[in-house]
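Student: So you can see what is in the structure, the chains are spelled out below.
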Amino acid sequence: MKTAESLQQTWRLFLSRSSNLLIPILAILGAFLISGLLIIAWGSNPLEAYTALWSGAFGSLASIATTLTRLTPLIFTGLAVTYGYRSGFFNIGAEGQLYLGAYSVVWIGVTFSDWPGWLIILMGILAAGLSGAFAALLPGLLKAGRGINEVLTTLLINYLIIQFFEWGLRVDHVSKELDQKWTIINWIGLKDAAQPYPKSALIPESSWLPSLSSVLNSEFFTTLFGDAGWFQNLVSSPALTRITLAPVLGLVAILVVYFILFRTTVGFRARAVGVNPEAARYMGIDINRTIVSSALISGALAGLAGAMEILGSQHRIIPNFLLNAGFEGIPVAMIGQLNPLGVGVSALFFGALRAGANRMQIISGVPTHLVFVIQALAILFAVAGTTIHLTKKKLRPRIENHRHENTQVSPEDKVTDA
Amino acid sequence: MSSILLRLEKIRKTFPGVIANDDVNLEIRTGEIHALLGENGAGKTSLMNCVYGIYRPDYGKIYWKGKEVHIHQSRDAIGLGIGMVHQHFMLVPPLTVTENVILGLPSAREPFLNLAEAEAKIRASAKRFHLDVDPKAKIWDLPVGVQQRVEILKALYRQAELLILDEPTAVLTPGEVAELFKVLKSLTEFGLSIIFISHKLDEVMALSDRITILRNGRVVDTVTKENTSPNELARKMVGREVFLKFQKPEQQPGDVILSVENISALDNRRLPAVKNISFSIRRGEILAVAGVDGNGQTELAEVLAGMRPSINGKLRIHGVDATNQSPHKILKMNVSYIPPDRQHVGLLMDFSVRENIIGKSFWEKPYTRGGVLQKRPIQQYVDHCISKYDIRTTSPNLKARLLSGGNQQKVVLARELSRKPDLIIASQATRGLDISATEYVNQQMLAARQDGAAILLISSDLEEIFSLADRIAVMYKGEIMGILPVQNADLHLLGEMMAGVRRLKSIGEPEIIGEDTGKV
Chain A
220 MKTAESLQQT WRLFLSRSSN LLIPILAILG AFLISGLLII AWGSNPLEAY
270 TALWSGAFGS LASIATTLTR LTPLIFTGLA VTYGYRSGFF NIGAEGQLYL
320 GAYSVVWIGV TFSDWPGWLI ILMGILAAGL SGAFAALLPG LLKAGRGINE
370 VLTTLLINYL IIQFFEWGLR VDHVSKELDQ KWTIINWIGL KDAAQPYPKS
420 ALIPESSWLP SLSSVLNSEF FTTLFGDAGW FQNLVSSPAL TRITLAPVLG
470 LVAILVVYFI LFRTTVGFRA RAVGVNPEAA RYMGIDINRT IVSSALISGA
520 LAGLAGAMEI LGSQHRIIPN FLLNAGFEGI PVAMIGQLNP LGVGVSALFF
570 GALRAGANRM QIISGVPTHL VFVIQALAIL FAVAGTTIHL TKKKLRPRIE
620 NHRHENTQVS PEDKVTDA
Chain B
24 MSSILLRLEK IRKTFPGVIA NDDVNLEIRT GEIHALLGEN GAGKTSLMNC
74 VYGIYRPDYG KIYWKGKEVH IHQSRDAIGL GIGMVHQHFM LVPPLTVTEN
124 VILGLPSARE PFLNLAEAEA KIRASAKRFH LDVDPKAKIW DLPVGVQQRV
174 EILKALYRQA ELLILDEPTA VLTPGEVAEL FKVLKSLTEF GLSIIFISHK
224 LDEVMALSDR ITILRNGRVV DTVTKENTSP NELARKMVGR EVFLKFQKPE
274 QQPGDVILSV ENISALDNRR LPAVKNISFS IRRGEILAVA GVDGNGQTEL
324 AEVLAGMRPS INGKLRIHGV DATNQSPHKI LKMNVSYIPP DRQHVGLLMD
374 FSVRENIIGK SFWEKPYTRG GVLQKRPIQQ YVDHCISKYD IRTTSPNLKA
424 RLLSGGNQQK VVLARELSRK PDLIIASQAT RGLDISATEY VNQQMLAARQ
474 DGAAILLISS DLEEIFSLAD RIAVMYKGEI MGILPVQNAD LHLLGEMMAG
524 VRRLKSIGEP EIIGEDTGKV
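Residue numbers (my numbering), protein chains in the order written: chain A, 220 to 637; chain B, 24 to 543.
Don't take each hint at face value.
Claimed, not checked - Just a few of them, taken from the derived set where beta-carbon distance is under 7 Å, the chain A residues facing chain B:
no. : residue
1   : TYR269
2   : THR270
3   : ARG482
Claimed, not checked - Chain A residues, not near chain B, derived (Cβ > 12 Å throughout):
no. : residue
4   : PHE481
5   : THR483
6   : THR484
7   : GLY486
8   : PHE487
Claimed, not checked - Here are the in silico distance ranges between beta carbons for each label pair:
no. : chain 1 : residue 1 : chain 2 : residue 2 : range
9   : B       : GLN96     : A       : ILE367    : 58 to 68 Å
10  : A       : ALA281    : B       : PRO134    : 38 to 48 Å
11  : B       : HIS407    : A       : SER274    : 54 to 64 Å
Keep in mind that the hints were calculated from the coordinates and are not lab data. Small disclaimer: the values here were computed from a predicted structure and weren't measured. From the three backbone atoms N, C-alpha and C, an ideal C-beta is built for every residue, glycine too.
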């Protein structure tokens, strides 16, 4: 009897531990399997299609560069949603926070273009984080102070920010080269005054995140490998300039968020409030303060997504410069089972699908839209995985409630529960 | 003598490790209001769930109008003419009253609904039974009392002859309660029988014809209202013949730790739940609060723990004002609180055993440095707690949800008592636990008393109170009916105080405020 119970306990522990990474991987595999049937129905060979997809995502330096570029913002927005959800703050505003983050990075870059590159990078990242947090501040305060649903407020603030963004792209930014009368509005707007189009100037090249190309062209490597043929080949590849420090920072962010959530008092409080605010309050946690701090952290992470895109890849803002990366943070987080490490896996999956889709269409004739089917199926499986997980959890207390026949809750308390 | 509508014979229902009902015999007569009285966890609801087909009894027979019936699911019960109004209403909020009432029933014009006819029928029966409801109103627009009427209408529409109401007054205001009782009494005039589940003595006395008292899943007695009194009922509800004895060493109480002056508070429905309560507790003393559940004990504990605001009065801990401080401030005054609801308040069920044990000290040194949790000191502390409090878990990483009830409570105890608190507020700390776990918890309380803690022990178990308390306070309708040393207390006196018929002026001087029927 005793050993049976302890065996059961161990098995459950194993499940709860491994499911963090197991479910996302199984969900992705399941999605490919089912989509394979679709490809057969379409009249193509799924193996051929998937091989093409794979080579489009990982087959060459250029495709790897594309995959990495695509996945980086998704890591950050996925983390933003994950952190928010874990702490009971369902942040649907990553899109707007990302746009505001990108806007502030570019603003720093073009306004202080004479600063050294590293300083622009540093201040840009800081500004992006702060502005993302700022975008989430109001929803956080409203939820903490007035109990107003954050889903609604964060969602609506997206539109506010995106309209501001579009407006900013149509107002000339102050430029020393042009002799005009600048007003305060021009300090806010970001349009490149020298051009007629609604886009900003590029941030100075010195402030672009270092790429693999610049690393390999450094004195250290050139003297090390000199003019070995393969090295020359590698260095001459233009894809190298597109492989930057950004995905590495994404990896760092995954570890940092994991650390904050599971190894710090801030994360402990956030998760406690996310799981059960009443019990958290009982344990002496200030719920309102925790909600606001969680909102700020979540918003900051989404803001950083914008910084990575600007500093690492686009270097300027244009209308729709990174459409939907914020909203896609939600499925990324869901497939990742709301675990920072899982977010890494699912962001890679999303990035690879986007990068490989074209090649798949060219080679096997399967339309690029199939990747959205694969994506949707993976979400479906991941959510199904969560519910299996959840029902397992829920089954037990239900039995226990029967056991004690509602002894736990006095009827008065139940009223508020309902 | 009216005929027997429903008869239960030797009903037994068990859940893994717990006997919910055992050897229950019950007779319901046609046209009577029959109350099922008992503490939370006495087995009232599970017994009725057996009748309504939600559970299947392990053993025993159910007779309906003299014939044995087998009820496998609610549909069978409804088919026989049994209706049940659950504590949580089973209504669809965005739908109208009519739509809710006919939900699940075949229509006369399949596949189309016959709303007009249903509406007319509802109007007719609403008028007949004095159930004032607008059939076209949407459920979410209706106050709780009216929603309950819809539930009753739903049962009547299905031609129920027996109506089971599970704690129907728990969600109602006093005015709505009066209204409900009027409706129920008029229903019996049409020949309906009603089973009324409650733990409130005054309601049972006001409404029912006969009363069956359940305790620990068994029937204690069935009495007619005329031949009983509230204090007899109270005693039958909570009293036990066998007393477990604890070693309780004599000791002199020390200085005052907690003093409460004229505290008042509201419950979740914003009605007064605690009224002008004053008392104090000294170091090394256990003050037990006795009373039938729902007389303000829970709210009082919450006020003391900082979880619920007090609307007037003063609360002092160590002589320092602690009125309406946050739970955090209060626990930093070295106060422990064991809440009555372990699953929703006492524990973070999705957190590990380790995280729950450290839950009230994780921000302190040495468990945190610079905001980073320190693995090793936490592990040492948790390991110490797990062995000291004998928590049966395979790993400290196991989620609290996966532990048994007794072990969950041990986790709460470990967190609350290992901090060596000066004041412990223990609210229903042994509720739902088996005998051995109960004994363990009570021993820990005595050990804490030995260590010089002041303890406020709220319990609805008189046995527990007699064996642990130094002094006993009895609460009734939010007021303290009196505080007396355990030596001066006896079951009869406490029963009267719990039923609200006797109030102590001062120690040892009983003052009769109500008519005592004198039955013992």
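Student: Determine whether the non-interface label on A:GLY486 survives the test: each CB of chain B must be over 12 Å from its CB.
Tutor: The claim breaks: A:GLY486 does not keep its Cβ more than 12 Å from every Cβ of chain B (closest is about 9 Å).
Student: Using the C-beta atoms of B:GLN96 and A:ILE367, is the stated range 58 to 68 Å upheld?
Tutor: 42 Å, violated
Student: Taking the closest Cβ pair, is A:THR270 under 7 Å from chain B?
Tutor: This interface hint is violated because 42 Å lies over the 7 Å limit.
Student: Checking a non-interface call: every C-beta of chain B should be farther than 12 Å from the C-beta of A:THR484. Is that right?
Tutor: 5 Å, violated
Student: Is it true that the C-beta distance of A:ALA281 to B:PRO134 lies inside 38 to 48 Å, as the hint says?
Tutor: 60 Å Cβ-Cβ, so the 38 to 48 Å window is violated.
Student: Minimum Cβ separation between A:THR483 and chain B greater than 12 Å?
Tutor: Its Cβ does come within 12 Å of chain B, the nearest being 5 Å, so this is violated.
Student: Min Cβ distance, A:TYR269 to chain B: is it shorter than 7 Å?
Tutor: 38 Å, violated
Student: Per the stated criterion, does the least C-beta distance between A:PHE481 and chain B lie above 12 Å, as a non-interface residue requires?
Tutor: 8 Å, violated
Student: Mind checking the hinted window 54 to 64 Å against the Cβ distance between B:HIS407 and A:SER274?
Tutor: Once the Cβ atoms are compared, 57 Å apart, the range 54 to 64 Å for A:SER274 and B:HIS407 holds.
Student: Is A:PHE487 truly not at the interface, in the sense that its beta carbon sits beyond 12 Å from all beta carbons of chain B?
Tutor: 6 Å, violated
Student: Do the numbers back the hint for A:ARG482, that is, is its least Cβ distance to chain B under 7 Å?
Tutor: 5 Å, holds
Violation of the numbered hints given earlier is confined to hints 1, 2, 4, 5, 6, 7, 8, 9, 10; the remaining hints are satisfied by the structure.
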